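K.L.:
Letter by letter, the chains look like this.
Number of protein chains: 2
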Amino acid sequence: MSAVNGIAQRLPYQTNSTLRQQINAGDVQYEDLHLSHMSQMVRSGFFQKLDMAIVEVCAVTEEGYLIPTTSLGNTTAFVDCADRIIVEVNTTQPKALKGFHDVYDVQPVPHRDVIPIVHPDDRVGVPYIVCDPKKIVAIVPCDIPDKPAKLAPPDAEFEAMSAHLIRFLHEEVAAGRLPKHLLPLQSGVGSVANAVIQGLCRSDFEHLTVYTEVIQEGIFDLFDAGKLDFASGTSMTLSEKGLQRFYDRIDEYRKKIIFRPLEISNSPGVIRRLGVIAMNTALEFDIYGNVNSTHVLGTKIMNGIGGSGDFARNAYLTFFFTKSIAKNGDISSIVPMCSHIDHTEHDVDVFVTEQGLADVRGLCPKERALKIINQCAHPDYRPMLSDYFQRAMGTTKHANTPHILSEALSWHQRFAETKTMRV
Amino acid sequence: MSAVNGIAQRLPYQTNSTLRQQINAGDVQYEDLHLSHMSQMVRSGFFQKLDMAIVEVCAVTEEGYLIPTTSLGNTTAFVDCADRIIVEVNTTQPKALKGFHDVYDVQPVPHRDVIPIVHPDDRVGVPYIVCDPKKIVAIVPCDIPDKPAKLAPPDAEFEAMSAHLIRFLHEEVAAGRLPKHLLPLQSGVGSVANAVIQGLCRSDFEHLTVYTEVIQEGIFDLFDAGKLDFASGTSMTLSEKGLQRFYDRIDEYRKKIIFRPLEISNSPGVIRRLGVIAMNTALEFDIYGNVNSTHVLGTKIMNGIGGSGDFARNAYLTFFFTKSIAKNGDISSIVPMCSHIDHTEHDVDVFVTEQGLADVRGLCPKERALKIINQCAHPDYRPMLSDYFQRAMGTTKHANTPHILSEALSWHQRFAETKTMRV
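Heads up: the protein sequence lines correspond to chains U and B, in order.
End of the first sequence = 423 in the UniProt record's numbering, gap-free, step of one.
End of the second sequence = 423 in the UniProt record's numbering, gap-free, step of one.
Chain U with its partners taken away, still in its complex shape (with noise of 0.2 angstroms):
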């Protein structure tokens, strides 16, 4: 769609390079959502009038129900709000994926009842859409399997980071903080989340459970591992070996897995009930905690914040990952301030790079930044890093959040006149 100039506006979030070229170039209208929302928007009318859904199935039972792919996502609410819907079958997913979906309904505003989840497994609702037959216009065969995500080979960042997060989790659970199964998992998109979670099967955890939105390569390594008794998510992204494995031993996973509606899978209520533990990944973070997600040089978007805050704000423990250095040591991750924020200092507990773990509970801004530097930034930007904070703390006269405003944004500048942006 991208290719052939197909799309004026995009919304909620997006991953394809061509499509954040054609955003970054203001081609395409793009509005970066918290993923939670969406469906709740879409069901108010906030969008207006919705002409026309395309919904991605792998089966339509002789009822007329829809039997959803890997990806169901908001699909109930396009085919609750939409007036015509063509209904593709995905020749390449197979069948048995009838019996992983969990569909429940939530309701339309003021008669909202409560979404009755209390553990990561279980089922409240049914294992298909229901949709009104006579809003089908077309139901078409489609042939195109999903395409597989690639992942950044495990490195020896990742694994630190990983060892720094086991670490850290041991010590919550001795200190009667975490339980001795932890909580339930939620873990971002991408290869630094995929490769924290994976990392977990060489910890000793055991009846780990996952409540989170996409299910990724590691979690399938923790099931494997013997680590991981339950998941829970929206959709999941596999490499080609990755969809193999989940091909090939379908009805084990199926006791294992339940896919739900976008706004269960990320829904606040749940999130905070269950106490999940949220891993997300930052494009980079400031020395006061802030988070930067989605845009490069604080102008050009990447992918987007996804589900990133609907776990991070509401989470029992919230981490963040970066390693601490990109582009070959030329950008340091930690910077004295975010060019873009999509995370507040009021939403993060911890900070992990490969250099180390910023545990920032309980901390007011400047003890946060002696850790934030001391602990994640890399030692070639330690220096720097301290030498701003230490001349803020001077021309604020120790103000709650010390920062030079001239300064605060030069590390970015710098980057933005001398090298090309490649976005």
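Treat the hints with care, as some may be off.
Chain copies aren't distinguished; within one or between two, either way the pair holds.
[Unchecked claim] Simulated crosslink set (DSS-like; lysine-lysine; CA at most 30 angstroms straight-line):
1) K327 with K147
2) K180 with K49
3) K147 with K227
4) K323 with K180
5) K49 with K371
6) K227 with K180
7) K180 with K135
8) K323 with K134
9) K98 with K150
10) K98 with K135
11) K371 with K227
12) K397 with K180
13) K49 with K397
14) K397 with K327
15) K150 with K323
Source of the hints: derived by calculation from the structure; they are not laboratory data.
Predicted, not measured: the structure shown is a model, and the values here were computed from it.
Since the structure of chain U is already known, use the hints to place chain B on it.
P.N.:
Below, chain B alone, put in the same frame as chain U:
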């Protein structure tokens, strides 16, 4: 306490001017938390063991139950977690407060059940705090009354904001995006938020409900105008006159008001479920829709984020209000880039100043900028903001979020250099 330098660390919120100076001089460590996080963090031991809690009540029953005053807040969590408790019986608070409270304890993870509130007036707990009598080391009397709230008198700008809001709400009802009696209203602390909700007295709306954190003067005006059926909050801040009105008809108000623990009043799940309309105040917001509600010139803290994030993030419809200029016009409250961000571009639906209202639902950052500049900024600052935006478009070749990093904070910078900050 702050006047005698008796506070080393403060959290999760503050409004005292002495304490504010101490925080901004680096003498007090302040952690500015989302209020819904506080009880959970106390209960989970994130702040270490709680030695002692001083708890204000209006009465202790024969059974040893504690009847809180007009501020329930996090008292339940403190009582549950502290080793020793000093109970302070405030004799200026009437015993007739008995029956206003609804104490429902959120269980610790991993055994949390649903909080079964589906209407603002649902009572789900008990009207007192259960406290282990063995923990109580002293019961002391106290005759210091609540400090009356000081609110700015109504003015033309407040009235204009309120009029914009009422017109918009009518349009939403007409378009079928809001029910006739709206949805439960939340309104932040302070003069602006109070004036806005008070303004609804002059609207045609009836049978309104409130699901908020702090019950202010304007909510009683709504009751007395016959517009409001019910209000749920965690505490109350009133003027001397307002307090007298409350006391005079306390038996009547008891049927219409519930005080809940903060973890319930600000519960992300309950807020999302009820579909709250969140109305909070910004210090400044930027052309792309990020909000600063805590830090003057990015460095000195004003009060804190309080519950604004709990509501803004999880509401059905999220508003931020501010006057378009401050300091007699020396400062524009709409800026190229916020100097501190508490609510991100992903969190807000509608911006309101006395100039007008910008509904940014479904808009990409560049569309948002045009709307916010043209409809919310003061006419004196519109040309400068448009000029910045247009040049940023050129510099970044229409990137998703155009910025000129060397200028983005220059408005604050100029002010920080030329004026003495009095915060």
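K.L.:
If a hint holds in the structure, say so; if it doesn't, say that too.
P.N.:
Structure-based check of all given hints:
For the identical chains of this complex, K327 and K147 are intra-copy neighbours only, at 27 angstroms inside a copy versus 56 angstroms across copies, given an alpha-carbon limit of 30 angstroms. Taking CA atoms no more than 30 angstroms apart as the test, K180 paired with K49 passes between copies only; the shortest distance there is 20 angstroms, against 49 angstroms inside one copy. In this homomeric assembly, K147 and K227 come within 30 angstroms of each other (Cα to Cα) only inside a single copy, at 28 angstroms, whereas the closest approach across copies is 55 angstroms. Only within a single protomer do K323 and K180 lie at most 30 angstroms apart by alpha-carbon distance; the minimum there is 28 angstroms, versus 51 angstroms between protomers.
Proximity of K49 to K371 under the C-alpha cut-off of 30 angstroms is restricted to the inter-copy arrangement: shortest distance 22 angstroms between copies versus 50 angstroms within a copy. Taking identical chains as interchangeable, the C-alpha atoms of K227 and K180 lie at most 30 angstroms apart only when both belong to the same chain, with a minimum of 13 angstroms there against 52 angstroms between chains. Only between protomers do K180 and K135 lie at most 30 angstroms apart by alpha-carbon distance; the minimum there is 29 angstroms, versus 50 angstroms within a single protomer. For the identical chains of this complex, K323 and K134 are neighbours neither inside a copy (52 angstroms) nor across copies (50 angstroms), given an alpha-carbon limit of 30 angstroms.
In the homo-oligomer, the alpha carbons of K98 and K150 lie at most 30 angstroms apart inside one protomer (27 angstroms), although the nearest pairing across protomers, at 61 angstroms, exceeds that limit. In this assembly of identical chains, K98 and K135 lie within 30 angstroms of each other by CA distance solely inside one copy; the values are 22 angstroms within and 55 angstroms between copies. For the identical chains of this complex, K371 and K227 are neighbours neither inside a copy (32 angstroms) nor across copies (51 angstroms), given an alpha-carbon limit of 30 angstroms. In the homo-oligomer, the alpha carbons of K397 and K180 never lie at most 30 angstroms apart, since the shortest distance is 45 angstroms inside one protomer and 52 angstroms across protomers.
For a Cα distance limit of 30 angstroms, the shortest separation of K49 from K397 qualifies neither inside one copy, at 54 angstroms, nor across copies, at 32 angstroms. Proximity of K397 to K327 under the C-alpha cut-off of 30 angstroms is restricted to the inter-copy arrangement: shortest distance 23 angstroms between copies versus 35 angstroms within a copy. Proximity of K150 and K323 under a CA criterion of 30 angstroms is satisfied intra-copy only: 18 angstroms inside one chain copy versus 49 angstroms between copies.
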